[in-house]
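A.B. asks: Next come the chains, spelled out residue by residue.
Protein chains: 2
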Amino acid sequence: MRALILAAGRGSRLQQSEPKPLTPLLGLTLIERIIFSLKQKGIAEAVVVTGYRSSEIIEKLKERETGIKLTFIENPEWEKGNGVSALRAKPILENEDFLLLMGDHLFDPDILEPVSKKNDNDKTAVLIDRDLNSVFDLEDATKIQIKDGVPVDIGKNLENYDAVDCGIFYCTPEIFTALGRTVSEGKYQLTDAIQYLIYKDRLDIRDVTGRFWIDIDTEKSLKYAKQRLLDSLSKTTDGAISRLLNRRISKHITRQLVETDITPNMVSIIAFLLIVLSSVFFALGEWVYLLAGGILVQFSSILDGCDGEIARLRFIGSGYGAFLDSILDRYADSLIIFGLAYGYWIHNEGLLVWALGFFALIGVFVFSYTNARYEAIFESSESRGIPLRRDMRLFIVAIGAIINQILITFLVLSVLTNFEVIRRTVTTRH
Amino acid sequence: MRALILAAGRGSRLQQSEPKPLTPLLGLTLIERIIFSLKQKGIAEAVVVTGYRSSEIIEKLKERETGIKLTFIENPEWEKGNGVSALRAKPILENEDFLLLMGDHLFDPDILEPVSKKNDNDKTAVLIDRDLNSVFDLEDATKIQIKDGVPVDIGKNLENYDAVDCGIFYCTPEIFTALGRTVSEGKYQLTDAIQYLIYKDRLDIRDVTGRFWIDIDTEKSLKYAKQRLLDSLSKTTDGAISRLLNRRISKHITRQLVETDITPNMVSIIAFLLIVLSSVFFALGEWVYLLAGGILVQFSSILDGCDGEIARLRFIGSGYGAFLDSILDRYADSLIIFGLAYGYWIHNEGLLVWALGFFALIGVFVFSYTNARYEAIFESSESRGIPLRRDMRLFIVAIGAIINQILITFLVLSVLTNFEVIRRTVTTRH
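Order-wise, the sequence lines are chains A and B.
All residue numbers for the first sequence refer to the UniProt record's numbering, where the first residue is 1 and numbers rise by one.
All residue numbers for the second sequence refer to the UniProt record's numbering, where the first residue is 1 and numbers rise by one.
Simulated from the structure, these hints should not be mistaken for laboratory data.
Among these hints, one or two may not hold up.
[Said to hold, decoys possible] Chain B is faced by these chain A residues, among others (derived, beta-carbon under 10 Å):
| id | residue |
| --- | --- |
| 1 | Pro-76 |
| 2 | Glu-79 |
| 3 | Thr-236 |
| 4 | Leu-324 |
| 5 | Ser-326 |
| 6 | Arg-330 |
| 7 | Phe-359 |
| 8 | Phe-395 |
| 9 | Ile-399 |
| 10 | Arg-424 |
| 11 | Arg-429 |
Keep in mind it's a predicted model, so treat the numbers as computed, not measured.
The beta carbon of each residue, even a glycine, is placed where N, CA and C say it ideally should be.
For reference, chain A alone in the conformation it holds in the complex (with noise of 0.2 Å):
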């Protein structure tokens, strides 16, 4: 299936020197971001039309490899408005059904996947909002009156309504005679199109409400979808310190990074580097070092987030990125542990510390190993149990450095982890 995309209106309400599909969001443009959506959600190819400062945004993005075949077509009369806009990808696109998507409008990637599928009935269907609390700015929506599930007008006016336009269509070639029959009245606009279309009762609904999406059309509304964006980047995974700490911290360094060139391999290794800091620190026993070396320790357990958060506002995840993070994060957590135990040793010397350190390590690489081999044979995770994810376990250690109380750590971090891994293997059994 292929993508329409209007990116030819001016946008003039936002204070930036650029046309509006490149304004800039959290690294990348806002059309990138609805190229991305599409390539993520299984689109291949997409058709934008381009009007006011054309040119521009054609080379922008015909400069950056987007993994998307993109056709433009240059729309001279795009101040009519855009539907005639919408007409003019009629010869691309008038034997098949297509995604129809404004370039101003952000959304949640999955506000995609009821849409993709085809409808019985070969009718037009337009993406619906019903809850009128949670639109940014209703008195600018389009609205649309509902009756017995059949959509009856739509308007920006309307005085009775039950939903809004949430600016996606997925549309059959019908829209096409539509938009040639309003277009040819003198009514440009694609809403006159959709309401030919329903008074032909040819336009159905479809019910994305609880999905994110914004029209991006003030200064107010851009700064509201960053936030909202940088709030998507918590995972449903997250453990509770990652969730109650570290996030909050880590989105606001990955606001400023993900305008930098930083990638996010760059970012674990960092996360990594500031371990092996804080082992040296550990390693050398005393306690102004067991202090700094855990306040280090707690900030790369925030830092290890943004290299995660980087890549999906990025749309650059990537397996290996994954790959390298797991594998740099078991290598940091061993260093962590050897280096508290050398620092404890040569300060009291003794078996214990080493004993009660290898079981911490035992402990905290099989709790870790299993979460691997759970997914790889079972192909889902292993999430009950004693949360002590990555966030927790960092956060324990900080708190035993600052605390300097090295062998009850190794032995909290022993009991708990061996504990947990007994439990998911007899447990894992029924």
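With chain A held as given, fit chain B onto it using these hints.
C.D. replies: Showing chain B alone in chain A's frame:
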């Protein structure tokens, strides 16, 4: 797709008390092996025609949970010939394509893969083996003469022949027409119906040359079949020590254990307990204990192959078994290193053994971890590089303990495993 198994004949040349389909063969009866092979290849339902000592076979199969739906047909006229037995299944299978198998033929389950695919011309097809030298008892085999890819004659006593009938058929309902005709003419063998199809140009051939199959008719063929089954237990991923040493011994142990009630998981646990014992020996630190521990480690390494071998022989391999085995292996690896370090330390004290032990443990763990992560992320195995699978690592430990060189053993393990992990992390990038 359903299967039809002919298990009505007598098989008088085997010196045993059981009817032929109940011949014990490494923990399962011959007909159970056939049924589990079908199940492994996705067949969910089979029709079994019995005759000679019918009730014994039915009773035996009914008391066993095969996980495949079985329907039994008793053929009182079984002594006439197997064509009569096959014809008995007509009321059940006359409207569908099905697999036809002999209840006394053992085969590599993979032989069924090209069979289950329907052919275009709607002909019945016979599986053939063109490698006449590999046929176990060529004299007794059913031969097929082929001209220009088309079968032209079939029979035990053909003078000119190009291949041998493996006793497995992809049947269309046409087979019942052929059987009805030949049986009514007093020709009671399945081969008669196949010959009829050949004369009518309604038989296809499917070449499965290279796949193992055998008609179990004599004590000699039974013995050969057992040997081939045991040989098939080696895995393509086996390391050098496994291939050259462990498998050669583990097969003999498995051959004994598979006839008992011992489960694969019990074997995993016994192998683990042997490692616990050897770690206790190692922890005592004196050479005589190291020697004993080293030998025990190598024996446990051999036994570690038996759990999977028994599981595969009995068709009871499970995700949980693989999970449990790998978790126990990681704890075993850890205990060995801890035992060796402790045993060395009580006699020599000092930091060095703990430091080296730590890095050996880290290397061994991260090595196993990269395997699991690689599999989870890329859904394939990393198999290049230094061969450091568990067979090799335990061999290094066993030799190191026997020659009483703990520090060198740790050093070798640390350097090799960590080097290999780094190599993988770098090369996986490309």
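A.B. asks: Report holds or violated for the interface hint on Thr-236 (chain A), using the least CB-CB distance to chain B and a cut-off of 10 Å.
C.D. replies: It is violated, given that the least Cβ distance between Thr-236 (chain A) and chain B is near 18 Å, above 10 Å.
A.B. asks: Taking 10 Å as the limit, does the beta-carbon of Ser-326 (chain A) come near enough to a beta-carbon in chain B?
C.D. replies: Result: holds, 5 Å to nearest chain B Cβ.
A.B. asks: Using the nearest Cβ pair, does Glu-79 (chain A) come within less than 10 Å of chain B?
C.D. replies: 49 Å, violated
A.B. asks: Measuring from the C-beta of Phe-395 (chain A) to each C-beta in chain B, is the shortest one below 10 Å?
C.D. replies: 22 Å, violated
A.B. asks: With a cut-off of 10 Å, does the beta carbon of Arg-330 (chain A) approach a beta carbon of chain B closely enough for the hint to hold?
C.D. replies: 5 Å, holds
A.B. asks: Mind checking the CB of Leu-324 (chain A) against every CB in chain B and telling me if the closest is under 10 Å?
C.D. replies: 6 Å, holds
A.B. asks: Interface hint check: Pro-76 (chain A), Cβ to nearest Cβ on chain B, cutoff 10 Å. Holds or violated?
C.D. replies: Where the cut-off is 10 Å and the nearest Cβ of chain B is about 47 Å from Pro-76 (chain A), the hint is violated.
A.B. asks: Does the interface hint hold: is Ile-399 (chain A) within less than 10 Å of chain B, judged Cβ to Cβ?
C.D. replies: 23 Å, violated
A.B. asks: Interface hint check: Phe-359 (chain A), Cβ to nearest Cβ on chain B, cutoff 10 Å. Holds or violated?
C.D. replies: 8 Å, holds
A.B. asks: A closest beta-carbon separation below 10 Å is what the hint needs, so does Arg-429 (chain A) meet it against chain B?
C.D. replies: 6 Å, holds
A.B. asks: Checking hints one by one. Is Arg-424 (chain A) an interface residue toward chain B, by the C-beta closer than 10 Å rule?
C.D. replies: 8 Å, holds
Against the hints set out earlier in the document, violations occur for numbers 1, 2, 3, 8, 9.
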